[in-house]
Structure formats: structure tokens, C-alpha cells
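**Student:** If you read the protein sequences in the order shown, they are chains R and C.
Per the numbering used here: the first sequence = residues 1 to 358.
Per the numbering used here: the second sequence = residues 1 to 122.
No lab work stands behind these hints: they were computed from the structure.
Please read these numbers as outputs of a predicted model, since none were measured by experiment.
Hints should not be assumed to be uniformly reliable.
For the chain R half of the interface with chain C, some residues (derived, Cβ under 10 Å), not all of them [as the list claims (entries may be wrong)]:
{"hint": "1", "residue": "V58"}
{"hint": "2", "residue": "L122"}
{"hint": "3", "residue": "R157"}
{"hint": "4", "residue": "I181"}
{"hint": "5", "residue": "K182"}
{"hint": "6", "residue": "P183"}
{"hint": "7", "residue": "D188"}
{"hint": "8", "residue": "T202"}
{"hint": "9", "residue": "K203"}
{"hint": "10", "residue": "A332"}
Calculated lysine to aspartate or glutamate pairs in the DMTMM-like style (CA-CA distance at most 20 Å, straight line) [said to hold, decoys possible]:
{"hint": "11", "chain 1": "R", "residue 1": "K180", "chain 2": "C", "residue 2": "D3"}
{"hint": "12", "chain 1": "R", "residue 1": "K50", "chain 2": "C", "residue 2": "E82"}
{"hint": "13", "chain 1": "R", "residue 1": "K193", "chain 2": "C", "residue 2": "E82"}
{"hint": "14", "chain 1": "C", "residue 1": "K15", "chain 2": "R", "residue 2": "E120"}
{"hint": "15", "chain 1": "R", "residue 1": "K307", "chain 2": "R", "residue 2": "D51"}
{"hint": "16", "chain 1": "C", "residue 1": "K52", "chain 2": "R", "residue 2": "D53"}
{"hint": "17", "chain 1": "C", "residue 1": "K52", "chain 2": "R", "residue 2": "D51"}
Just so you know, even glycine gets a beta-carbon here, dropped at the ideal spot from N, CA and C.
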Amino acid sequence: MSTIIPFGPQHPVLPEPLHLKITLKDEIVTEAIPMLGYVHRGLETLVSLKDVDQMVQVVERVCGICSCIHAHTYCMCVEGILGIEVPQRAEFLRIIWSELHRMHSHLLWLGLLADAFGMESLFMHCWRIRERVMDVMEATAGNRVIISVNKVGGVRRDLSADQIRWIRQVIDELEAELDKIKPVLTNDYTVKKRTVGVGVLTKEQAYELGAVGPVLRGSGVAQDARMTGYGAYKYVDFEPVVETDGDSWARTMVRFRELYQAIDIVRQLINKLPDGEISVKVKAAKPEGEIVCRSEQPRGELMYYVKGNGSKFLERVRIRTPTFANVPPLLAMLPGIEMADVPVVALSIDPCISCTER
Amino acid sequence: MFDMTRTIIENFFSKAHTRLYPLQTREPFPNVRGNLFNNIEECILCGMCQKKCPSQCITVDKGAKTWQVDPYACVYCGICVENCPVNCLYMESPHRKPTAEKIMNQMVQVKGPEKKKKTAEK
Numbered sequence: 001m002s003t004i005i006p007f008g009p010q011h012p013v014l015p016e017p018l019h020l021k022i023t024l025k026d027e028i029v030t031e032a033i034p035m036l037g038y039v040h041r042g043l044e045t046l047v048s049l050k051d052v053d054q055m056v057q058v059v060e061r062v063c064g065i066c067s068c069i070h071a072h073t074y075c076m077c078v079e080g081i082l083g084i085e086v087p088q089r090a091e092f093l094r095i096i097w098s099e100l101h102r103m104h105s106h107l108l109w110l111g112l113l114a115d116a117f118g119m120e121s122l123f124m125h126c127w128r129i130r131e132r133v134m135d136v137m138e139a140t141a142g143n144r145v146i147i148s149v150n151k152v153g154g155v156r157r158d159l160s161a162d163q164i165r166w167i168r169q170v171i172d173e174l175e176a177e178l179d180k181i182k183p184v185l186t187n188d189y190t191v192k193k194r195t196v197g198v199g200v201l202t203k204e205q206a207y208e209l210g211a212v213g214p215v216l217r218g219s220g221v222a223q224d225a226r227m228t229g230y231g232a233y234k235y236v237d238f239e240p241v242v243e244t245d246g247d248s249w250a251r252t253m254v255r256f257r258e259l260y261q262a263i264d265i266v267r268q269l270i271n272k273l274p275d276g277e278i279s280v281k282v283k284a285a286k287p288e289g290e291i292v293c294r295s296e297q298p299r300g301e302l303m304y305y306v307k308g309n310g311s312k313f314l315e316r317v318r319i320r321t322p323t324f325a326n327v328p329p330l331l332a333m334l335p336g337i338e339m340a341d342v343p344v345v346a347l348s349i350d351p352c353i354s355c356t357e358r
Numbered sequence: 001m002f003d004m005t006r007t008i009i010e011n012f013f014s015k016a017h018t019r020l021y022p023l024q025t026r027e028p029f030p031n032v033r034g035n036l037f038n039n040i041e042e043c044i045l046c047g048m049c050q051k052k053c054p055s056q057c058i059t060v061d062k063g064a065k066t067w068q069v070d071p072y073a074c075v076y077c078g079i080c081v082e083n084c085p086v087n088c089l090y091m092e093s094p095h096r097k098p099t100a101e102k103i104m105n106q107m108v109q110v111k112g113p114e115k116k117k118k119t120a121e122k
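The shape of chain R in the complex, shown without the other chains:
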């Protein structure tokens, strides 16, 4: 006999309102049907009320965790239509802040995962380390999470020499702290028991279902939107992090290794940071035309479609967020696992439902 269990939208493990209708047969999941729409805010419709510049602050609020990358992608789109060339220093600063966002997002997620499988102390440690990144963001950008540094034509804040020195020191300390929690994640019995071999997504499945980000790379496909070399990524030397197992453990390790990668990218960018202007003046932007821009968020590939009609209000902004692409792979992972593993597997795609529903 099968039972249908509603998983979420209020669930102690997930702060996100993800709702899955899970069909069980003796504690084993046979089918999962997602129900979305609990936090739809109609942000895309706001283009008719907010002008091109004000929309930067709106798209930042699509996601509470990776605001900087949303604003960056939107600005790239508008700049692309208007044909504005952003100063090189601004490009570097944008990516420095983006990578700091990736660090804090992954640390937040690692903490949440630890909390999901019941390792409270690891959760606390991850969030303690994360607090250092948040301090950097607060001191350099002015806010902690929604840092509001991007604008059409460049960035709004500059980094002083003192701040750069401080960031370098902080990321060095961060690396030492990560080295400390690394053996816990890689060797601990509790972590392995809950993640190894759970929620397997094969390489073919990941590719066919259109997985993005760490979910795709955890299944062995080396695809990263940063490799397209947008922004200052073309000046940085890095390889996408790939794991081949395709289980929750592989996805955890991809994210954990991406933390080191982000530290490395920030270090490279700081070393190469050019002098010069941080923004170009854009007067009364009235974009006309359409464009698609892609970027890599902590959760995966983000896509923006922007259409302007020659007025100060855009005609359409369409946002395809990474979690939207990662929901079908999640549904492929769930059948065959135990009900008790569902929270950990659901969390392993790093769902951001407020992103998905916008």
C-alpha cells in the first residue's frame, strides 16, 4: 500500500518553502511531485514600475544569498544592449564581490547540510567561518548580504589599499579554518553515513535533465558558466571543480572544493587588480533591443533575458534561476531512497525556492 506524504512547505530542515508530494511504499520513496508557488512575489512584473536603474535593486532581491551575481548579470545585460564598456577595475571588483558571495553561500549551505544530518557543532563552525566573509562584505560594500554595489556602468564602491590587505588576510585565515573542518567533512562517519551513495544522479541523467552548477559538476560534467569568461573571469586561471560519484557526498565535496577555488580566484584578482575608474557615467539609459546573459551563481547557471523598448522602463526581464533547472534532477534522485534521507537529498541541490519563484 502506498502513502502520500506532504514534505514541506514548512519543514524543520529546510527554511525554503519547497513542497514535495512524496509517494511512499514501506518507507521507500516511489515518486515525488513538486508544488511551487508559495513565495511568488512578481518581481519580473516590476519592470513596468521601476526604471532601468531602479531594477538593479529589485533583481538583487530575487535571491537573498547571491544578490551580487543577480545584479551583475542584470547590469551585464543592460550594458550589452546599450553598448557600454565597463572599466576594467569595475569588472575585477564585481568578480571579487561575486566570489565572496559564493564563499558565504557555500559556507551557509554546508552549515545547513550539517544541521540537516544532525551535526549541530559543524553547523555552528561553518557559520562562524562565514561570519568573517560577512564582515568583509559589510566593511567593503556597506551591507552584509544585499550589498548593492553594482550599477549600470560599473560599481558604486571602491576597495582601498588597506581593505585589500585586510581581505587578503581574511581569506588566508579562512583557508586555515577550512583546512580544520576538512577532515570532519571527508572522514567523519556521520557525514559519510548520511551522504555517500544517497541520491545518485548519473552523468547522463544530469545532462539530459538539464542540471546546473554543483549538481551537474558533482555528476562528472565539467560545465561552468564562468568558463565563458564573462566579467574578469577571462583574466583568471581556474578549472571547474568536478566529482564523478553523483551522490550527495559528491555535491558536498564540489561545493567544499569550490570554496578553495573562490579563495584562489579572489587572491588572483587582488594580485592583478588594475588601477583606474570604477564606473562610467550612463545618462538616462533607454535601452532598445534584447539580450541573453549567463553567469554562474553559487547554485549554478543563471540566465537573464532582457528586452528594452527604447523607454526608461524595460519591456521584459526573464530570470531563469539555477534551482529552477535543478528541480527535475532532484525528482530523479528521490525515487528509491528512504524517507529519512529525503531532507538531505533535497538539501544537496541547494534549493533556493524564493529564487525559483521570483
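Once you have looked at the hints, place chain C on chain R.
**Tutor:** Here is chain C on its own, set in the frame of chain R:
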């Protein structure tokens, strides 16, 4: 297997990583975007802040000579401060204290800036 155990035991004897918040507060970093204020006597009431604000939280009334911000709608982006032509807006770093009722931050201009006509033309 006992990697975390060592850290946990260490934590019993080390200093706490957290603060006793209301009693002990951290100094905010300089240039952090906090509460928005207007140096009202220098304000030319041009309404640029109201026009640029992405959350429409500022109301400027030229006739009544008032400037009002709704701190509960403000998103702390600091765009008004950047776009102010006379630089009379400023943000203070400390965050707002919790309150039991919603109070709008309203300011009334008494005298106004001295070279009012000249700046208005700009």
C-alpha cells in the same frame, strides 16, 4: 572519526565566539549604510532622492517644506545619498533600534538654504 570531538572539547575551554548582544555590541564598520537622515536646512527640496529611490520610501513636499523617509520601506541602498545634488543626505552606520510602533522620520525645513535660487537653477 574523532576530528570533531577534539574541536568540541577545545570549545569548552576557549573563549566564546559570540557576544552577549544587547549588553555587548560591536562597533559598526565605517561607511556602513544605516539609518538615513537629511540635513534639512541645506536641502533644496528638489525631489531627486524621491525620484531615484527604488523603494519609493522618500516623500518630499516642496509646499509644506517637509522631507519624510519611511525607514520600514527603505532598503538601505544609499542611492539617494549618491544622487543628492547638494549632499545634504547622509547615512549613519548604527542600525535602528527595535521599536514597538512605526515612526516615520519626518523633517520640516524652517529657514532653508541661503542661496536658494541659485542652487535651484542648477
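**Student:** Holds or violated: K203(R) as interface residue toward chain C, Cβ cutoff 10 Å?
**Tutor:** The hint is violated - K203(R) has no Cβ within 10 Å of chain C, the shortest such distance being about 31 Å.
**Student:** Holds or violated: K52(C) and D51(R), Cα atoms, limit 20 Å.
**Tutor:** holds (9 Å)
**Student:** Hint validation: K182(R) versus chain C, beta carbon distance must be below 10 Å. Holds or violated?
**Tutor:** holds (9 Å)
**Student:** Taking 20 Å as the top limit, are the C-alpha atoms of K15(C) and E120(R) close enough?
**Tutor:** holds (19 Å)
**Student:** Please verify that hint: A332(R), Cβ, nearest Cβ of chain C, below 10 Å or not.
**Tutor:** Status violated, d = 32 Å.
**Student:** Let's test the interface hint: is any C-beta of chain C closer than 10 Å to that of T202(R)?
**Tutor:** violated (30 Å)
**Student:** Hint P183(R) vs chain C: min CB-CB distance below 10 Å?
**Tutor:** Since the shortest Cβ distance to chain C is 4 Å, the answer is holds.
**Student:** Is K193(R) close enough to E82(C), meaning Cα to Cα at most 20 Å?
**Tutor:** Cα-Cα ~53 Å, so violated.
**Student:** For the hint on D188(R), just tell me whether its beta-carbon gets within less than 10 Å of chain C.
**Tutor:** holds (6 Å)
**Student:** Verify the proposed pairing of K52(C) with D53(R), using a straight-line Cα cut of 20 Å.
**Tutor:** holds (8 Å)
**Student:** Assess, step by step, whether the Cα of K50(R) is no farther than 20 Å from the Cα of E82(C), and give holds or violated.
**Tutor:** holds (18 Å)
**Student:** Are the Cα atoms of K180(R) and D3(C) separated by 20 Å or less?
**Tutor:** holds (9 Å)
Violated hints, in rising order: 8, 9, 10, 13; the structure is consistent with all others.
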